[in-house]
Amino acid sequence: MTYRTASIIAYIAFFAVVLALPLVLNSFWTNRVAIYLVYSICAIGISMSWGYAGILSLGQGLFFGMGAYMLAMSLTLAVPENNPVPQLMLLNMEPNAVRDLCCVTTGSFLWIPFRSVAVGMIAGIVVPCILAAGIGYVMFKRRTTGVYVSIITLAFALIGQLLIINNQPLTGGFNGLADLALLEIGGFEFDPYGPSAYYAVAFTLIAVILLARYMLTGRIGQVLKAIREDEARARYLGYDVENFKLFIFCVSAGVAGLAGMLFTLTSEFATPSLMATSLSISMVIWAATGGRASLLGACIGALIVNFVGSLASESATFQPVWPIILGLLFVVVVLFMPNGIAGIFKAFIERNGRTERLGETRPSGKTERSDKSERVQTELTAREA
Amino acid sequence: METFVIGLSIASILFMVALGLAIIYGTMSVINLAHGEMVMIGAYTTVLATKHLGINIYLCLPLAFLVTATFGLIIERTVVRRLYGRLLDTLLATWGIALILQQLIRIHFGLGLFGVEIDGLGSDLQNVPVPAELQQAIRVFGANIPVYRAFVFVAALALGAITWLLIYKTRFGSQLRAVSVARNTAAACGINDKRVNMLAFAYGSGLAGIAGVLVSGFKTVSPDMGTPYVVDAFLVVVAGGVGHLLGTFASAGILGEVQSFVATWANDVYGRTVLFAVVIFILLFKPQGLFVTKSR
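Top line first, the protein sequences correspond to chains A and B. Take the first sequence: its position 55, counted from the start at 1, is 55 in UniProt numbering, and no numbers get skipped. Take the second sequence: its position 246, counted from the start at 1, is 246 in UniProt numbering, and no numbers get skipped.
Pulled out of the complex, with its shape left as it was, chain B reads as follows (with noise of 0.2 Å):
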């Protein structure tokens, strides 16, 4: 039961990293391998959000949102705009990016040159004080369940539900799958791609923000954190079939519990590589992935 929360746990935060992952390469074919760096900004977003503004966790969700999205705006702007229809150009330069990212929150952003230094950032590893509440365990069914984990399951459910809402019941949410089946038919019909894909971007970035305040609660943050992050995504995204985001919930749920469980009998690095495993698998068998969008 305990291993299955901590599955569960796992697997809310691959979704809430995947589900942003997920909308970009979907809608725009674009390998965001920055993805985990935005995790990483959403952790210390709250690193420094609780220590220099002493605001709680709970306020920091929306603001790394903002804190991210920003920063994914400014890289669609940049560099990804160009790069649209070459997939694998998208991957190089967006791991350029993710190396920029870390090494800036390594230097204090360029300042650490100049002596000074920011308290929060540089290469050492930091803490994010949780609040009292969430530390506690609950009892369910005879189990100790720490209310952090369920905390963190809520919220991705939470952002699973706003997404969901997004993507097929508001205005945007039409233009963004008009123009990840068929984007020029889309912009000839009058949809301002570009935005659409500008949006998409930010939204994803900002998910991954948010899965990073949630890490930092139970992790120790650090500049090189969210490399692993995007690689297991990615693997999420694929085996659910892209362009679908039940199958992005149904996938992240299975791999975060395979996790959970062998990681449990063996230990950490099995648990791993018997994820990698299970996707290899899945990819060769099922290209298109678990559950495939159907489309003319």
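Just chain A, same shape as in the assembly (with noise of 0.2 Å):
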């Protein structure tokens, strides 16, 4: 069995395992495994700009929580008592402000186009891609890279959640905003804790999986991987190396944005916690314990980390090692597995395809791909166009 065979079994069974668990979770479970699949989307957005090209940003949480305010504050009006001011505007304004969105509080007018709930939806996604890519063009223009790169989108983050829980008039502040209605689409409504929310994560997440495989496994991630490699080479053989970085960067901050608006349809609130540094580099772990250059394995990694750290957190003993486990668990997969299970997987796979082979009468035609053969394709598909 090769290495493509077998990840294309994995995928399927994932899907189907994904698909399936609604009809044996009961309701409780249902949310909790949605919430987490909206974590392997996290995941996938890392593995997209970290595993493919290099880019490791720490404040995925900034574009997650975006998403999640977006569709929160269309989801904040469309509660009847919220109308036509949301109650924690009314807790907060001046005593003679105009009970108008347009001037209750410096900014309320930010607020308007929300009244849309199809508005807060395309925001959600757009407004992380627009601000990625205004934070990456000034990165990538100045040929920011590696570490440096890490730490301004850490900062960025802190400003982001920082603004926003000083803001209390205009964004709830440090609670952040809860009682939300429910999204409905059409006349259907999305129940967070039964199958309707469940299936619209799930078929999301197969989404973006599938896209992002198919754009990755193309010539833009032969590209990207190319920059990963080697920058300074890449941009020699005449690719634009800061618009393919740009390009990912955005690709990556959509996706986060997209997860946090799952969030919000799920766990029916935003709060400034979704932009802390612990979330963002949370989401860091998790792409790496399943593995950084794989998106099932990212995703994998997302769900096993949260599910047993959720089962720590309900026993009292285990409760307050957990985050000790989980410490131990970032330094263990540094050191030890860099490529995660996602690695595992495939050098079992492959030492048992080597065996197989030797059994053989006459060896077939194939041959593996390593790390190394597979580097070196790079750079022929690099060099060939």
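For the record, the hints were derived by calculation from the structure and aren't laboratory data. Please note: incorrect hints may appear among the correct ones.
[Claimed, not checked] Covered by chain B, per the in silico footprint, the following chain A stretches (three or more residues, Cβ under 8 Å): (1) 130-143; (2) 224-238; (3) 311-323.
Here the structure is a predicted model, which is why all the values come from computation and not from measurement. From the three backbone atoms N, C-alpha and C, an ideal C-beta is built for every residue, glycine too.
Dock chain to chain to rebuild the complex, using the hints, since each chain is given by itself in its own frame.
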């Protein structure tokens, strides 16, 4: 069995399990698993930018949080009591302010477009993309690389979080936006504890995986890998390195924004803690555990870490030890499994494939694609174009 | 004037934390996100020592240095040493270590699980008694200056001077500089670069521990107090120029004052926001930092 067949089987098995799960889960666990699948989408975003292009963004939570806030704003306005002006603004407004969204507090006019849920849903993807394009344009055009990208994105996420906490009258401050209406599209209501929201998340996840795989196994993916391995060489070969990086950074931010919206859909709140440094770094760890350069691996990593985490937090003995286990997991993954679960899976399949071939009388013509030959392949494809 | 002095004391703490980080990052290219936890451990050393041993805050300075340097040594020997040359991986692994250290304090080093609780640990907030002579204020140029803030400033200057002497005037210092410029060449010349790494990591952690003692005098001590420091201090290091003592000193001064003035003029949140904005601006337009080390 080659690695390619094995991974296709793995993808199909994963999709089947994800789609079948609500049949056996109660409503509480349906909701929990839906949230873990949302985190999986985040991990895919990380895998796209970090695993394929080598851009480690520690500000992914900023885009995730923005996506969550965009939809939460629409769903806040969808509650009847919040019309024409949300309760949180009434609590904080100046005594004689006009009770209209245009001018009840400074900046409240920003909420006006969100009266339409459709606008909120589009903004949840587009706004993080535009923001990422702005940050990425300045960063990559200045040829900022490596760890400086991580630090700058981290600083942006911190600024975002502080600004939201600080603008209490406009954003709900530290408490964020809660008491949201359920999302309703064309008369169909998504219930966070029922299969409807679960399937919304599950189908989005599958679509994101398939689209990302289609994109990254193609030419773009090859060029991005070349950039990850040796940026200067890719540039000398005539590729516009900055634009490729900018592109994948924006796509990754859009994916995070999409995940943020689905988070609002399943958890019914949005708070500044979604933009916290710890969540951004956790996302990186999910991807690293599963395998940073594998979309499915990153996805499964997020599921496993979160699932075990929530099991641990339910038992009184394990709850205080869990952060320590999580910390050890960071260290162990970095030290001993740089390619994560997917790396182990790949090594296993390849070892088995080799013994099978040794047993055959006539060796098949296929050669293994080890990391080295893959890199050579990348360079060859890069040179051909 | 008061704002200026508050800025100076913020800058002093930043400088002490950043100095350790700069030595570690500059020499070994390791991003130590557990550095903030060294500040936290320094602060807890003070809490425990004042509570159980009854010693005052001055004696805690060398004690905390030893304790955190030991922690640094252990971290270097067990984890960081395997990760040289993998910059982004050091960042992730040390974040894991930071999580572990925070949680160890919360659960009383694991004893909490067996019902044993040590006074001074746990997830509660702790306070450290400050000696009477440090609680007063003196009047300079018609402004009230708390003695404690002045003490912090003097301590930072002294540590800066000691570190400067250590790096530029001792045998260890010249080895350290040799390793940071050209590791392989230095090793080929007979310098034990692994030992240099180890000691530099321990010394850097020790500096953070001292900063922790001083922080504990004017801030409440809690297990997660360290994280903001490591982010700020790292920004100071990169903004000042990596491997440049004077650059770290200057950028800590500038950023501390910026934060203090904006915070007084608007509020704390804007203080930090402007701080980050300034650093992003510096990094985008001078990626090498304010001061560039010339090297061939």
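Do the hints match the structure? See the list:
1. Only residues whose beta carbon comes within less than 8 Å of a beta carbon in chain B count, and the region 130-143 of chain A has 4; three or more means the coverage holds.
2. For the region 224-238 of chain A, the proposed coverage by chain B is not satisfied: 0 residues have a C-beta within less than 8 Å of a C-beta in that chain, short of the threshold of three.
3. Restraint check on the region 311-323 of chain A versus chain B: 4 residues with Cβ-Cβ distances below 8 Å, three needed, restraint holds.
When the structure is compared with the earlier hints, a violation turns up for hint 2 alone.
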